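> Note that the protein sequences, when read in sequence, are chains A and B.
Every letter in the first sequence is one number past the one before it in numbering that gives the first Met the number 0, and letter 110, counting from 1, is 109.
Every letter in the second sequence is one number past the one before it in numbering that gives the first Met the number 0, and letter 96, counting from 1, is 95.
Careful: at least some of the hints might be erroneous.
[To be verified] Cut-off 25 angstroms, straight-line C-alpha distance, at most; resulting in silico cross-link-like pairs (SDA-like, lysine to any residue):
#1 A:69 - B:110
#2 B:139 - A:34
#3 B:13 - B:50
#4 B:161 - B:150
#5 A:35 - B:17
#6 B:7 - B:47
#7 B:45 - A:45
#8 A:35 - B:45
#9 A:61 - B:110
#10 A:61 - A:33
#11 A:69 - B:47
#12 A:24 - A:72
#13 A:35 - B:37
#14 A:35 - A:69
#15 A:61 - B:123
#16 B:7 - B:37
#17 B:7 - A:34
#18 B:7 - B:75
[To be verified] A few chain B residues facing chain A, derived, Cβ under 8 angstroms:
#19 21
#20 114
#21 137
[Unchecked claim] Okay, the calculated bits of chain B under chain A, using three or more residues with CB under 8 angstroms as the criterion:
#22 52-65
#23 120-130
#24 159-170
Derived from the structure by calculation, the hints contain no laboratory data.
No experiment lies behind these values; they were computed from the predicted model shown.
From the three backbone atoms N, C-alpha and C, an ideal C-beta is built for every residue, glycine too.
Spelled out from the first residue to the last, the chains are:
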Amino acid sequence: MSLDEWLGIGLPDDIVEEAIVWVAKLDGGEINVEEKQAFFAWLDSAPEHQWAYEEISEAWSKLRGLQAVKESLIRSEVLHLPARSPIAVGEPNHTGYSLLSWVSICLMIVGMFAGVID
Amino acid sequence: MITADPVKKIQFEKLIEQYRSQLIAALSAMLQNSDVEEIVQEASLKVYLNLETIEIDAIKAYWYRTARNLAISRLRHQKVVRHFAADITEALLELQSRADADKVYYDAWSRQLLIDAINRLPPVCRNVFIFRQIDGYSKKEIAEQMNISVHTVDNHLTHGMKLCRRYLKETFGFHEGSLEALLKKA
């Protein structure tokens, strides 16, 4: 597990934090047409936006890797949700693939290719 | 050598013409000007040589990502960076060498750092974060069970990610603006 993606090396903090807002909003959520257009307009408007979004969404997806050690996470005693079967690592939730998933998959494929040719 | 699809080739040439200056500006925030030119040329050549395997709609994203990967790689190897022992790039170099030497240790260390980051989140934010990202509950389920709106769930997730990132940066000994300052000196 690398933490590089969380750091956004050389990218302005405000852009990385904008990427965080988009990653959280697009994660498994339903967004309307205007939001979708706003997202793609933001993504396309500067290389730094694409880089920050790719890296933060990669960091976000890697958090699922902590399922194996989730006993180490401290939960507040006042908040409990009903027990459920743990989801498999990398398995999409029951809402199916979201826009984020598709965008992330496309960008990860691009990243893998880019990595191959480096 | 593989001959690039003429349509893709034309598309890529248009992209270079339209976006080259934007890419150069973005890379200039990371690297010295002389390195930027080299990186853009190298990235363009790599994309050109791989056009056959790239979907036409993905050429721009692929080109940008290639340039970013090359820039990060260049940053890590710049002599000047090694003079700033406290900076993040140095820490990353050290971690990389640790990773090469002992990947198991590095993975465990990184995982523990992330766990520490999550455990430091404010209680409600932390629970939303864990419910969504570790347990896999949908945002709607979390909102209903906690009697909050989906919008508030989004806000907790955003806040949680920002705080985790700040903690990870601080743990690397990286303070606001130091990398930018370092790179301007380079």
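> What's the verdict on residue 7 of chain B and residue 34 of chain A, does the C-alpha distance respect the 25 angstroms limit or exceed it?
Violated, at about 30 angstroms.
> Below or equal to 25 angstroms on CA atoms is what counts here, so check residue 7 of chain B against residue 75 of chain B.
32 angstroms, violated
> Compare the distance between the alpha carbons of residue 35 of chain A and residue 45 of chain B with 25 angstroms, and conclude whether the hinted pair is satisfied.
This hinted pair is violated, its Cα atoms lying about 31 angstroms apart.
> Given the proposed pairing of residue 45 of chain B with residue 45 of chain A, does the C-alpha separation stay at or below 25 angstroms?
With Cα atoms ~21 angstroms apart, residue 45 of chain B and residue 45 of chain A stay inside 25 angstroms; holds.
> Going straight from one Cα to the other, do residue 61 of chain A and residue 123 of chain B come out at no more than 25 angstroms?
22 angstroms, holds
> Do at least three Cβ atoms from the region 120-130 of chain B come closer than 8 angstroms to Cβ atoms of chain A?
holds (count 6)
> Holds or violated: is there a CB of chain A closer than 8 angstroms to the CB of residue 114 of chain B?
5 angstroms, holds
> Taking only the CA atoms, is the gap from residue 69 of chain A to residue 110 of chain B under or equal to 25 angstroms?
11 angstroms, holds
> Need the status of pair residue 61 of chain A, residue 33 of chain A: alpha-carbon distance at most 25 angstroms?
It is violated: about 29 angstroms lies between the C-alpha atoms, which goes past 25 angstroms.
> Please work out if residue 7 of chain B and residue 47 of chain B have their alpha carbons no farther apart than 25 angstroms.
9 angstroms, holds
> Decide if the proposed pair is consistent with the structure: residue 35 of chain A and residue 37 of chain B, CA atoms, cutoff 25 angstroms inclusive.
Violated. Residue 35 of chain A to residue 37 of chain B sits at ~35 angstroms, over the 25 angstroms cutoff.
> Between residue 24 of chain A and residue 72 of chain A, is the straight-line Cα distance small enough, at 25 angstroms or below?
24 angstroms, holds
Of the numbered hints stated above, those contradicted by the structure are hints 8, 10, 11, 13, 14, 17 and 18, listed in ascending order.
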